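In this text, residue positions in the sequence shown follow UniProt numbering: the first is 1, and each later residue adds one.
If you are wondering where the hints come from, they were derived from the structure by calculation, not from laboratory data.
None of these values were measured; they are calculated from a predicted model.
A portion of the hints provided could be inaccurate.
Stated by the list, open to error - Derived CB-CB ranges, DEER-like:
(1) Glu79 to Arg55: 30 to 36 Å
(2) Val142 to Glu47: 41 to 47 Å
(3) Arg87 to Pro137: 38 to 44 Å
(4) Leu184 to Ala145: 37 to 43 Å
(5) Ser16 to Asp51: 18 to 24 Å
(6) Glu31 to Ala135: 17 to 23 Å
(7) Ala54 to Gly169: 49 to 55 Å
(8) Gln141 to Thr32: 23 to 29 Å
(9) Ser148 to Thr100: 39 to 45 Å
(10) Gly169 to Arg46: 42 to 48 Å
(11) Thr82 to Arg130: 16 to 22 Å
(12) Gly206 to Leu131: 50 to 56 Å
(13) Pro204 to Arg70: 32 to 38 Å
(14) Gly68 to Ala140: 23 to 29 Å
Unchecked claim - With a straight-line Cα cutoff of 30 Å, these simulated BS3-like cross-link-like pairs (lysine-lysine) come out:
(15) Lys104 to Lys74
(16) Lys74 to Lys91
(17) Lys94 to Lys74
(18) Lys91 to Lys104
(19) Lys94 to Lys104
From the three backbone atoms N, C-alpha and C, an ideal C-beta is built for every residue, glycine too.
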Amino acid sequence: VYEPGLSIPPGGIRDSNRYALMAAAREAGCETMSLGIARDDVQVQREAIRDGLARADVLLTSGGVSMGTRDLIKPLLAELGTVHFGRIAFKPGKPTTFATIGEKLLFGLPGFPVSSLVSFEVFVRPALRRLQGDAHPERAQVRVALASQIVAAPDRPEYQRAIVSWEGGRLVARGTGAQGSSRLLSMRGANALLLVPGDGQTYPPGAELDALLTGPIE
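Let the hints inform the model, and build the full structure from the sequences given.
See the structure below:
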């Protein structure tokens, strides 16, 4: 993982997640700080977690929560505190992890850009708003009509990125293109997360689904 603006070797990844998540946390009303990039080393990541806990109320990590040999965050959180869940039953964001160490909250978010941002919206943002005293920390949920057909996955619900607007006196949701978890462009212009059931059904244009509003409706 490399800082944006630097040249990267083949196979390298630009660190877009850190800046996107910090912006999302600021939008949620929080002060943020960056702990930088922690390389795939147990001791380096352990010290980074301890440093973050000493300086912040809530710690977010991105990457390192899957099942690979270099995915060290989940076992470190289990070592240092209590892991309350380590997988979720929707996509994107399956390996999202939540833990506590003392009174501090830790969210281990996936490394794919869209997965980390969707998991932030569903889990992290409501927690941050609640910690600030918001009695209603969840995003507004609305019923929307589909502008085009959606074929649901047969195994898990999915939060698809969408643009919701008023058309003909009702709210209509339009997709933002390819919905892969690495497709950061699918977040561009999106003002909603469309909740598609994991039932394998085909939803034709005009069918209604629920959506979380993440931005204003124009």
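Quick rundown of the hints versus the structure:
no.	hint	result
1	Glu79 to Arg55: 30 to 36 Å	violated, 20 Å
2	Val142 to Glu47: 41 to 47 Å	holds, 44 Å
3	Arg87 to Pro137: 38 to 44 Å	violated, 23 Å
4	Leu184 to Ala145: 37 to 43 Å	violated, 27 Å
5	Ser16 to Asp51: 18 to 24 Å	holds, 23 Å
6	Glu31 to Ala135: 17 to 23 Å	holds, 21 Å
7	Ala54 to Gly169: 49 to 55 Å	holds, 54 Å
8	Gln141 to Thr32: 23 to 29 Å	holds, 26 Å
9	Ser148 to Thr100: 39 to 45 Å	holds, 42 Å
10	Gly169 to Arg46: 42 to 48 Å	violated, 56 Å
11	Thr82 to Arg130: 16 to 22 Å	holds, 19 Å
12	Gly206 to Leu131: 50 to 56 Å	violated, 40 Å
13	Pro204 to Arg70: 32 to 38 Å	violated, 43 Å
14	Gly68 to Ala140: 23 to 29 Å	violated, 37 Å
15	Lys104 to Lys74	holds, 16 Å
16	Lys74 to Lys91	holds, 19 Å
17	Lys94 to Lys74	holds, 13 Å
18	Lys91 to Lys104	holds, 26 Å
19	Lys94 to Lys104	holds, 23 Å
When each numbered hint is compared with the structure, violations occur for hints 1, 3, 4, 10, 12, 13 and 14.
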